[in-house]
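Chemist: Here's the letter readout for the chains.
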Amino acid sequence: MNCEWREKVALFADDELDATALQEAEAHLSGCAECTAAVADHMALKKAVRVAGNKYAAPPELHASIYRQLHPHARVSPWWKWGMSAVSLLLVMTLGVVLWTRGTPKDPMVAGLVDQHVIALSSANPVDILNSNMHVVKPWFQGKVPFTFNLPEIGGTKFTLIGGKLAYAQQAPGAELLYQVGQHKVSVFIFQATDSRDKSPVKVRSMSFNSTSWQQDGLRFYMLTDSHDEADPLVGKFREVNGN
Amino acid sequence: MQVFQRLVEGTLSGISRQEFEKLALPLLDPLYNFARWMSGDPDEARDLVQETFAKALKATNSFREGTNFRAWMFRILRNTFLTSRTGLERRHTEQESEQGFEDSVVTQETPELALIRRADTELVQQGIASLQHGFQEVLILADLEEMKYQEIAAVLDIPIGTVMSRLARARKQLRQFLVDALQGRPGDRKLGAKS
Chain A
1 MNCEWREKVA LFADDELDAT ALQEAEAHLS GCAECTAAVA DHMALKKAVR VAGNKYAAPP
61 ELHASIYRQL HPHARVSPWW KWGMSAVSLL LVMTLGVVLW TRGTPKDPMV AGLVDQHVIA
121 LSSANPVDIL NSNMHVVKPW FQGKVPFTFN LPEIGGTKFT LIGGKLAYAQ QAPGAELLYQ
181 VGQHKVSVFI FQATDSRDKS PVKVRSMSFN STSWQQDGLR FYMLTDSHDE ADPLVGKFRE
241 VNGN
Chain B
1001 MQVFQRLVEG TLSGISRQEF EKLALPLLDP LYNFARWMSG DPDEARDLVQ ETFAKALKAT
1061 NSFREGTNFR AWMFRILRNT FLTSRTGLER RHTEQESEQG FEDSVVTQET PELALIRRAD
1121 TELVQQGIAS LQHGFQEVLI LADLEEMKYQ EIAAVLDIPI GTVMSRLARA RKQLRQFLVD
1181 ALQGRPGDRK LGAKS
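The listed protein sequences correspond, in order, to chains A and B.
Residue numbering for the first sequence follows this note's numbering, beginning at 1 and increasing consecutively.
Residue numbering for the second sequence follows this note's numbering, beginning at 1001 and increasing consecutively.
No lab work stands behind these hints: they were computed from the structure.
By construction, the Cβ of each residue, glycine as well, lies at the ideal position given by its N, Cα and C atoms.
Possibly wrong hints are sitting among the right ones.
[Said to hold, decoys possible] Heads up, incomplete: computed chain A residues facing chain B, CB under 10 Å, no partners named:
1) L70
2) S132
3) Q192
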C-alpha cells in the first residue's frame, strides 16, 4: 500500500475533506482500485457501526419524566389531579349540554371524536405514548390497531408531535396522534374506512372546533383542533405520506 | 426565584424554553443510547439523561446563538458521566492506557470488506462493547451520530488530532475483532480494558 492517498481514505469516508481535496480524491479514486477498495471497506465498517450502535432507545418513563421536567406546571399533584378531574367532568358536561341544546352535529363520528379530543386536552396524561419521535410513536401502534399508516416528517415546521394513544369510536379501534402548533393542540384520528365518502378533505366547524376529514388508501382521517387555520398544513402532510 | 420563574417562562436571554424543547427532545433517544453505551447500565443511563436535561435547562440562559446545540448537549452528558461513580472509576482504570491514544498513528488496514459484510449486528455490538471506553465513544459519535471531527473534539474536549487517532485505532480494533471472530479466533476477542 504505497499510494499516498491511502492516508486520506478515512477523511474521505468521514466527509472531512474540503471541496478541492474532495474533487482530487474523487478523481484519484476513479483510477485506483486499492483506494476504492479501502473506501468501500471503511464505508462498510461505518455502516455496520451505525446499525449496531443504535441499540438502545430511551424507555417511555424517561420520555415522560423529561416531559414533566420541561413542563413543571403540568406536574400532577393530588390537588391538581382532583382539579383536572373536576375540570374534565365540567367540560364533558358542558359539551353534553351544548350538544343537547344545539342538536347533534351532522356526523355523530365527529361529535364523538370532539369529546375524545376535549378529554385529551383536559387530561394530565393526554397520550399513552409520550414521544416526539414519529419513528417511536408509529411502531407503538403495531398490533394495537388492525391497519397501518404513515406519519409525516414535521422537522423544521411549526408542528411538534406530542405522542399518541388508542382511540375507539363506533366500536372500532383507531389511532389518535396529538400535535402542538403554537398554543393549540391538534388531534389526528385514523380509523379503517367503512365507506367511500369524502375522499377530499372536508372542513366543518362543530362546537368551536374545526374538524377536517378525508379518506385515502382505505383509511379515514379526522383532524380536530380549536385553531382556525394554523393546523391546516398538517392535512396536506398526512395526505402526502399516506398514498392516494 | 425571579430568575427561576423567568427561566420557566423562557424569557431569559440565550435560548427560549420552547426552542430548547424543540431542539432537545429529538436528542433524547440518541443521548440515552450514548449514555447506555458509556455506562453499561439502564438505570444509570436514565439518571444521566435526566441530569443532562436538568443541567441544560438551567444553562439555557448561557447558551449562545451559533453554538452547536447537539454537541453542547452531548458534552453536558459526557461531563455528567465523567463525574459519576462509574465515570470516575472508568477514568481511573483507563488512565494508564490513555498514553497510547496520543502516539498512535493511522495505520493502513488490509481491506476486509467481505468479512465485515458477513458480520451480523450482534457481533458488531460485541465488538463495540469490547472497545476501550475512549475508543468506543469516539466511534459512536463519528459513525452513529455522524458528528464532524470538530464537533467530536468539542464534545470530548480533546484536540482534533486525538479524535482522528482514536477513531483510527477504534476502527482498527473493531475490524480486527470482527476478522478474528469470523475466522474463528475467539481467544483474540478481548481488545480493551473495558469490563
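Chemist: Taking the earlier hints as the rules, which of them does this structure contradict?
Modeler: 3
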